[in-house]
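> Chain residues, written in single-letter form:
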Amino acid sequence: MDHMTKEAIRYLGYGKHAVDDKTFALVEDSFRDLEDAAGRKSIYRIFDLQQTADDRFTIGTVEMQSRNLGRYLGGCCRIILFGATLGTAVDRMLARLSITDMAKAVVMQSCAAAMLEEYCDECQAEIAGRVSEEGLFLRPRFSPGYGDFDIRYQAPLMQMLDCAKTIGLTMTDSYMMTPTKSVTAVIGASRTEEKCHIKGCEACEKKDCTYRRDKV
Amino acid sequence: MILDRLGKELLFFDGGMGTLLQAGGLKPGELPETWNMTHPEKITGIHRKYIEAGSDIILTNTFGANALKFHDDSCSLCDIVTSAVGHVKRAAEQAELNGRQVYTALDIGPTGKLLKPMGDLEFEEAYEAFREVVRYGAEAGADLIHIETMSDTYELKAAVLAAKENTDLPVFVTTIFDERGKLLTGADVPAVVALLEGLRVDALGINCGLGPGQMLPILEQILEYTSLPVIVKPNAGLPKQVERETVYDVLPQDFAMTMQKIIGQGAAVAGGCCGTTPEHIKSMVDLCRGMEPLPIIQKDITIVSSYGKSVCLGTGSKIIGERINPTGKKKFRQALKEHDMDYILREGIMQQDMGAHILDVNVGLPDIDEASMMQDVLVELQSVTSLPLQIDTVDTKAMEAALRIYNGKAMVNSVSGKQESMDAVFPLIQKYGGVVIGLTLDESGIPDTAEGRVEIARHIIEEAAKYGIQKKDIVIDVLAMTISSDPEGAKVTLEALKKVRYGLGVNTVLGVSNISFGLPSRTVINANFYTMAMQNGLSAGIINPSSEEMMKSYYAYHALMNLDSNCEAYIAKYAGQAAESSASPAVSGDMPLNRAIEKGLKEEAHHITGLLVKEQAPLDIINTYLIPALDNVGKGFEKGTVFLPQLLMSAEAAKAAFTILKESLAATGQQDEKKEKVVLATVKGDIHDIGKNIVKVLLENYGFDVIDLGKDVAPGLVVEKVLAEDVHLVGLSALMTTTVVSMEETIQQLRQKAPGCRVMVGGAVLNQEYADMIGADFYGKDAMQSVYYAQKLLQNK
Numbered sequence: 001m002d003h004m005t006k007e008a009i010r011y012l013g014y015g016k017h018a019v020d021d022k023t024f025a026l027v028e029d030s031f032r033d034l035e036d037a038a039g040r041k042s043i044y045r046i047f048d049l050q051q052t053a054d055d056r057f058t059i060g061t062v063e064m065q066s067r068n069l070g071r072y073l074g075g076c077c078r079i080i081l082f083g084a085t086l087g088t089a090v091d092r093m094l095a096r097l098s099i100t101d102m103a104k105a106v107v108m109q110s111c112a113a114a115m116l117e118e119y120c121d122e123c124q125a126e127i128a129g130r131v132s133e134e135g136l137f138l139r140p141r142f143s144p145g146y147g148d149f150d151i152r153y154q155a156p157l158m159q160m161l162d163c164a165k166t167i168g169l170t171m172t173d174s175y176m177m178t179p180t181k182s183v184t185a186v187i188g189a190s191r192t193e194e195k196c197h198i199k200g201c202e203a204c205e206k207k208d209c210t211y212r213r214d215k216v
Numbered sequence: 001m002i003l004d005r006l007g008k009e010l011l012f013f014d015g016g017m018g019t020l021l022q023a024g025g026l027k028p029g030e031l032p033e034t035w036n037m038t039h040p041e042k043i044t045g046i047h048r049k050y051i052e053a054g055s056d057i058i059l060t061n062t063f064g065a066n067a068l069k070f071h072d073d074s075c076s077l078c079d080i081v082t083s084a085v086g087h088v089k090r091a092a093e094q095a096e097l098n099g100r101q102v103y104t105a106l107d108i109g110p111t112g113k114l115l116k117p118m119g120d121l122e123f124e125e126a127y128e129a130f131r132e133v134v135r136y137g138a139e140a141g142a143d144l145i146h147i148e149t150m151s152d153t154y155e156l157k158a159a160v161l162a163a164k165e166n167t168d169l170p171v172f173v174t175t176i177f178d179e180r181g182k183l184l185t186g187a188d189v190p191a192v193v194a195l196l197e198g199l200r201v202d203a204l205g206i207n208c209g210l211g212p213g214q215m216l217p218i219l220e221q222i223l224e225y226t227s228l229p230v231i232v233k234p235n236a237g238l239p240k241q242v243e244r245e246t247v248y249d250v251l252p253q254d255f256a257m258t259m260q261k262i263i264g265q266g267a268a269v270a271g272g273c274c275g276t277t278p279e280h281i282k283s284m285v286d287l288c289r290g291m292e293p294l295p296i297i298q299k300d301i302t303i304v305s306s307y308g309k310s311v312c313l314g315t316g317s318k319i320i321g322e323r324i325n326p327t328g329k330k331k332f333r334q335a336l337k338e339h340d341m342d343y344i345l346r347e348g349i350m351q352q353d354m355g356a357h358i359l360d361v362n363v364g365l366p367d368i369d370e371a372s373m374m375q376d377v378l379v380e381l382q383s384v385t386s387l388p389l390q391i392d393t394v395d396t397k398a399m400e401a402a403l404r405i406y407n408g409k410a411m412v413n414s415v416s417g418k419q420e421s422m423d424a425v426f427p428l429i430q431k432y433g434g435v436v437i438g439l440t441l442d443e444s445g446i447p448d449t450a451e452g453r454v455e456i457a458r459h460i461i462e463e464a465a466k467y468g469i470q471k472k473d474i475v476i477d478v479l480a481m482t483i484s485s486d487p488e489g490a491k492v493t494l495e496a497l498k499k500v501r502y503g504l505g506v507n508t509v510l511g512v513s514n515i516s517f518g519l520p521s522r523t524v525i526n527a528n529f530y531t532m533a534m535q536n537g538l539s540a541g542i543i544n545p546s547s548e549e550m551m552k553s554y555y556a557y558h559a560l561m562n563l564d565s566n567c568e569a570y571i572a573k574y575a576g577q578a579a580e581s582s583a584s585p586a587v588s589g590d591m592p593l594n595r596a597i598e599k600g601l602k603e604e605a606h607h608i609t610g611l612l613v614k615e616q617a618p619l620d621i622i623n624t625y626l627i628p629a630l631d632n633v634g635k636g637f638e639k640g641t642v643f644l645p646q647l648l649m650s651a652e653a654a655k656a657a658f659t660i661l662k663e664s665l666a667a668t669g670q671q672d673e674k675k676e677k678v679v680l681a682t683v684k685g686d687i688h689d690i691g692k693n694i695v696k697v698l699l700e701n702y703g704f705d706v707i708d709l710g711k712d713v714a715p716g717l718v719v720e721k722v723l724a725e726d727v728h729l730v731g732l733s734a735l736m737t738t739t740v741v742s743m744e745e746t747i748q749q750l751r752q753k754a755p756g757c758r759v760m761v762g763g764a765v766l767n768q769e770y771a772d773m774i775g776a777d778f779y780g781k782d783a784m785q786s787v788y789y790a791q792k793l794l795q796n797k
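If you read the sequences in order, they're chains Y and E.
Once you know that position 30 of the first sequence is 30 in the numbering used here, the rest is easy, because the numbers rise by one and skip nothing.
Once you know that position 301 of the second sequence is 301 in the numbering used here, the rest is easy, because the numbers rise by one and skip nothing.
Hint data in this document are derived by calculation from the structure and do not stem from the laboratory.
Please read these numbers as outputs of a predicted model, since none were measured by experiment.
Backbone N, C-alpha and C define an ideal beta-carbon position, used for all residues, glycine too.
Misleading hints may appear alongside valid ones.
[To be verified] Some chain Y residues close to chain E (C-beta under 7 Å, calculated; not the full set):
id, residue
1, T61
2, S98
3, T100
4, A125
5, G129
6, S132
[To be verified] So these bits of chain E aren't anywhere near chain Y, every CB distance computed over 10 Å:
id, residue
7, P170
8, R346
9, D689
[Said to hold, decoys possible] Short derived list, chain Y residues pointing at chain E, Cβ under 7 Å:
id, residue
10, Q65
11, V131
12, A164
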């Protein structure tokens, strides 16, 4: 089973349990449909990072404040703004399935999330390759809404990426991304390679989460 | 006037603005439009450079100047737009003294928001935002409006309507296509061309997204479909990140040489977008100024479109699904009255799955507001199907409401040869675009002869021409009359069909099944008449695509007439069937029903219930098999041995069983048990509704009557529904902290106005503590918990 499939099954709440055949068939089916429907697009821009205090920093003209992000960015000299989406066709497919086949809608939803993460990883690997020429190393992605990095920073972040125009990624008045299967994130870049202290799922405080990757 | 020169001589736009502003000191995150006020000399300077480079049309620095995107309290939108127009005028003064004409184009870019149903922006809100800018620009003296960099046909339509309805200025439009020739929201080239020509813009084309070389194949496609002058404004290549800069690396000379090819291919207006500079424009103008634009060829292609798909009539025969129509359908009428969208949407999805190319939409009932129902149904349908829709109504108010809100170029059913009908319908087609069905009947009724019907068709076409509606946008219905009362009916219809299609040269459509009215085994007659009609030039049949006989005629005809290359569609449809019927059937029927449900076997459950219902009473079946099975699965889910997909597969299987039982109850005149009502809604501002939908499926399974208000639901609407339907339980869902406030607001309003009503909440962001804080009665940590709570509360279980 590949990584993306494993992740989709984790999102469905199976934890360490083996997936049943019918659900597994739906997972495979969903990835096939997604392969046709998904219009993967991404964009990134590199900025100088000016950290003015432990929890304050400036990107362009935008000042941001976050203790968690400040810690994460420690030792970084550049910051990369990143946006990615699977496009509106996936949302329409999910809307359609919600009417005709709710079980598949739920499975498709998880598969889309897994596909999006995989795509972001691919994009990040590519960016890492580019910046390594300048002797820079990337940290893992960090998204608005994570820790105390306020979701409202989504607005300036998306404006600086101009991602409505470039990849069709917009947000609602409540800071939700549309298309829904989308990601925005910042990625720190430093001169020295560091084993990062934040590793997404495993680093989260919520240890009893159904969806936890290292759940035993 | 620019329109006197457009298409007759080559015209040049300017190039990029953003890159130059950044070079001039604009910071990331700073709004470029504010520079109209803070750095007027720099803006005028850039315009002047482009004019000196040879640009005939200069865009105002107003790309992001709309109320939805531009948020800066230091200056008003009106001041921004007015000053921006002034800067171009001032920059042009010197050139105009020298006898050169420079046109000021009010630049309109996208709002940066996604429209409903995929986003949260209302169509009319987008329209208002554009209207405001367009009016400021026109008052300030712009010579034309240039709507550009659009990637969503719906937003595009709002912008064009705002421009056309509020000014008399020429409207130019360019969109961003990707390398596959698609907009970000999925529309292909013919869909965009059809929409824009329908809305009667003056020129259309492509900008941004691609470099000049990559635009060539897209241009080729545009030229294949459009009868308007074409604009091409590429980037200086694809953007690359070098260090911290975004760079475009096509040099001015190379840009100019590709633009020469682009003009040679047929572009009538050329310019540049991101990364292009006055040097790019100068190189292009120097190289191309002497060229003559190619003459514009009128295309004769009938295109209907949706946000993501175009359908061309004229080759082979297309299927227009007739099922979304209450005539003679009790269930459908009931769904309309109860605003049961899911039922209507399922009819649409089913027809698409069966092979329909276009869906007819008729929601006319005596006691409903047809205009608003039509709008609701169209918007909802367009969130689940990409098929173009056919607006079917006799109410011109509903027709206009529908044409306005529809995303694409619709098919319209219908206009007749009656003067009154043409006077009412043609102005709507003229304004919004559309392919309209012309019925061959007039004040004296339906002619008995083919000639008589052809005559009316001719009259319809002539009258349409007075409105500038071309023949390609008329499709004639010569009307099929039942052979049970008119023995010559089929012959006359077929003859008229042939004459209209090949004599008048317009496309045709028929409501095929009328032919057999009053006869037994109607599909026998219908399917054979359908083949005969196709053979006589039927461009599109309005049929029921779930009728196997009709589809057999369709596939066979296309295979026989070499309209189905290598019989591919025919083989794909029928190759598997012979094998399937000889192999052991997938559904055996020897499994107990409760087992089938527990296993989530939908077809099996459906089949077994069909057998059981012949021997046992429906209520016994429910109590013996369905309820125990659902209970088992529910308990398994709680214990962590059954997972969400399995729970839902069982729910779907149970639903399939319930459908049969319901039919059986109805057939014997028995009443379904009275069901308790539950209102469900995803709260205002929240667009994620999968959790709410899961709860809905389960509640329905457990015998609740769910009133689903959908997503992004205003608190007032929830209250209104609760009061109107006397509901005692509401379920609310929210995904993020930003929308929990709407949840709290909804609960408060319910407490005030419907104190007897309980509220259960759920969603990713919630937990017990949070639920208590906002005053909910119950927090459902998963879907089953909501079911148990509802049962305890309303069914005393």
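> Sort out which numbered hints this structure fails and list those numbers smallest first.
Structure breaks hints 4, 5, 6, 8, 9, 10 and 11.
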